[in-house]
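Kindly produce the complete structure, drawing on both the sequences and the hints.
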Amino acid sequence: MRNITPAMLFGAPIEDIFEIPIPDPSTYEFPFSTFYELQMSSFQLRNASALFARTMATKIFVKTQLAPDDFTRQSELLNAHHSWFRALKKLELAKVLTKEEEIMAASLKLGYYSTYILIDCALSLRQTNFDAHLEYFKAINHNAKIILDSMGLRTARSPDTQQGLNEKTLQVLNRASNEDGVSKAGAHFTFEISVIPPLHFVATRCRCPIVRREAVALLETNPPREGLWDVETHIAVAKRVIEIEESVLDPVTGWPAESSRLWCSVHDGRGYSDGKIMVTFAYAEWAQDRVPQADDLRPFTGAAERPDAQWVEKIG
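Per UniProt numbering, the very first residue in the sequence shown carries number 1; after that it's consecutive.
No lab work stands behind these hints, which were simulated from the structure alone.
Treat the hints with caution; some may be incorrect.
Said to hold, decoys possible - Each computed DSSO-like pair below joins lysine-lysine, with the alpha-carbon atoms no more than 27 Å apart: (1) Lys276 x Lys314; (2) Lys89 x Lys138; (3) Lys99 x Lys89; (4) Lys138 x Lys239; (5) Lys95 x Lys138; (6) Lys138 x Lys90; (7) Lys314 x Lys239; (8) Lys276 x Lys239; (9) Lys99 x Lys63.
To be verified - DEER-style ranges, computed between Cβ atoms: (10) Asn79 x Pro251: 36 to 42 Å; (11) Ser150 x Ala94: 18 to 24 Å; (12) Thr72 x Ala94: 29 to 35 Å.
Heads up, the beta-carbon is just placed ideally off N, CA and C, and yes, glycines get one too.
Structure representation (structure tokens):
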């Protein structure tokens with residue numbers, strides 16, 4: 001169960017092989033005695049969330065009318081998230097945690113915050129919906145820092161997070177302050193989803209210029225490759241997303257305007273060209289206004305352009 005989510009996020013039709021039901025929130029009501037038990041219980045919820053998000057992304061892109069069942073499933077998943085998180089908090093309060101348990105709790109929270117935001121925003125192309133989750137994005141960074149520190153990847157705070165902000169953004173954000181990270185080289189490989197996907201999620205879906213740059217700085221500590229997620233690729237994509245989106249800013253918030261926010265920014269599966277990765281981009285407003293095509297639901301083989309590609313760039 002634990003390695004199904006990465007496959008689904010990269011488009012594998014796992015649901016054709018395994019049934020992936022939505023967990024009943026009541027399954028999390030009984031007390032868990034260890035974080036390992038809680039982790040095992042989270043995989044079904046994570047897998048159901050990934051499947052729901054992918055299914056809804058397809059529906060809203062091809063303009064299929066959302067059914068009452070879609071809203072019901074969203075509500076069921078959010079309720080299951082709340083129930084699971086209450087179980088985690090009870091376990092945290094039940095005893096003094098060891099260092100290992102603190103790290104495991106941080107890892108579990110990374111998954112919770114990421115999938116909760118994903119599910120809550122899954123029924124619309126509108127990207128400003130993500131803005132309501134700023135505190136959860138900050139929590140992802142905080143818990144990722146705990147994990148990275150445990151790896152010996154130093155993430156000391158500094159005021160340098162504003163480095164790279166353009167002057168227009170800085171003028172609007174002169175009332176704001178936050179923190180940054182400083183990196184140290186890492187190595188190795190793991191099949192587990194840990195910090196890279198959640199931090200990339202913050203960098204590309206949180207439009208607060210400070211918080212998303214903190215996520216990039218944490219990625220730059222160079223954590224181990226996680227399955228199909230290598231940190232260099234995701235840093236490069238995240239930085240390009242920030243550059244594109246911050247080309248047009250809201251004059252009040254200093255955050256990217258809806259017109260410049262991206263819906264799609266993914267490695268398109270066609271490998272490398274001239275030593276660079278091929279990345280598919282699409283603005284949310286383009287996806288919203290686009291007229292559906294007959295072949296939108298054709299299987300993507302990598303030989304042709306993705307139907308959700310507004311344009312493709314070589315990055316790296």
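Starting from the hint list further up, note which numbers the structure goes against and sort them upward. As far as the earlier hints go, only 9 is violated by this structure.
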